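Student: Listed below, chain by chain, are the residues.
There are 2 protein chains.
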Amino acid sequence: MDVFEAIKDRRSIRHFKPNPITDEQIEKILEAAIWAPSAGNLQARDYIVIKDHDTKKKLCESALNQHFIQEASINIVVCANEERSAWKYSGRGRELYCILDAAAAVQNILLAAHSLGLGACWIGAFNDGAVSKILNLPRGLKPIAIIPIGYPEQKPNPPPRFSLKDVSHINRYEAKRRTL
Amino acid sequence: MDVFEAIKDRRSIRHFKPNPITDEQIEKILEAAIWAPSAGNLQARDYIVIKDHDTKKKLCESALNQHFIQEASINIVVCANEERSAWKYSGRGRELYCILDAAAAVQNILLAAHSLGLGACWIGAFNDGAVSKILNLPRGLKPIAIIPIGYPEQKPNPPPRFSLKDVSHINRYEAKRRTL
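Going down the list, the protein sequences come from chains A and B. In terms of my numbering, the first sequence opens at residue 23 and continues consecutively. In terms of my numbering, the second sequence opens at residue 23 and continues consecutively.
If you're looking for bench data, these hints aren't it; they were derived computationally from the structure. Just to be clear, a hint being listed does not mean it is correct.
Repeated chains share a single entry, so a pair holds when one copy, or any two copies, can fit it.
[Claimed, not checked] When the alpha-carbon atoms are kept at most 30 Å apart in a straight line, the in silico DSS-like pairs for lysine-lysine are as follows:
id, residue 1, residue 2
1, Lys50, Lys39
2, Lys50, Lys30
3, Lys50, Lys79
4, Lys80, Lys177
5, Lys50, Lys177
6, Lys30, Lys80
The structure presented is a predicted model; accordingly, all values stated were derived computationally and were not measured.
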C-alpha cells in the first residue's frame, strides 16, 4: 500500500472479528517497528506481544476496561527502555528520547497493520504500574502504548483534523485562533 | 512508494543538495503529519517551517552546530502542545500524550519526505530554551524535533538493528542478553 494512502486512510479500530492473525503478520509488523529511527540508533524500546487470553483480560482491566483489548487477536505493548537511553544520554535520554524512540515504532506498527488489511488502535490510557506488573516489566521499562491488533469489524469515518493553515507557521510562531 | 519499502529504506540524511524543495512538497509532508493519530484526537502539536536562512543559522547553533540544518532547503520544527493536551488530560497529557502526538507526526514526516525522494533527519539534541526563543514559541509549546529536509546528497548504509528475537517477548517480559 502507498505510504500516503496508508497514512491518510488508517483509522483507530475498536471492534475486531474473531479471526486470529498469523505469526507471519506479527513478524512483518514488528519488522516495521524495529526499522523506526531512534536517538543515536540506541533503539531504546521493547515489544511485548500478548496472545494469551488471560493476560489480555488483565490488560483490559488495567486500561479502563476498553473491551477491544480482549477482543483483538493480539496486543503489542510498546515500552520505552529508559535505562538504555539514559546510559548514553542521561536525563534527556530517560525522560524524552526513549519515549520518542517508542512512539516512532508505534506509528510504524499502526501503518504496517493497516497496510496488511488489519486494524489497530493506539491506547495510551492505562495504569502504568498495573501493566508493568501484568507483563513482568523490570524497572526502567515504561509501557507507553497498548496496541490491540486484529481483523477490523468496523470502518470508522475520519475524525476532523485542524487545517494546515491552523497548525503550521512560517519561520516563527504566530498566535492563531483555531477550532475543529 | 510502498509503506514497508518506505519504512525500511528510509535513512537519516545529513548532507543535502542546494536544490530547493517546493511549497507543494512541503504541503504534502505536512498533510502526512496532520493525519498522524493523537490522544483523544486533540492533535496536540504544531509545526514551524523554517525557510529563512538566518533562522536556520540560529537553529543550527542551538543544536550542536549540526551543519546540515543550515544546508537543508527547509527545516520543520515539530512542537508538543502541552497546554492543549493538559486541558483534557492534565499531567499525563502535558508530560506524555503531547510528546507522543508530536512524535507520531515526526515519523509520518520522515516517511512522507522519503517517499517523495527527499531526505530528512530527526534531530533531538538541541537547547530547548534557545529554540523556543528563536522561533518565538509561547509557554506550553515544547520543541521535540528539528527536521532538516532537502534533496539527499548521500546514500547511507542501514545502521544495524536488534533482531526481533532480541527485542520482542511473548505474553510477558523475559530478561535477554543482546548486542548490536
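Student: Would you pick out the hints that fail for this structure and give their numbers low to high?
Tutor: Failing hint: just 6.
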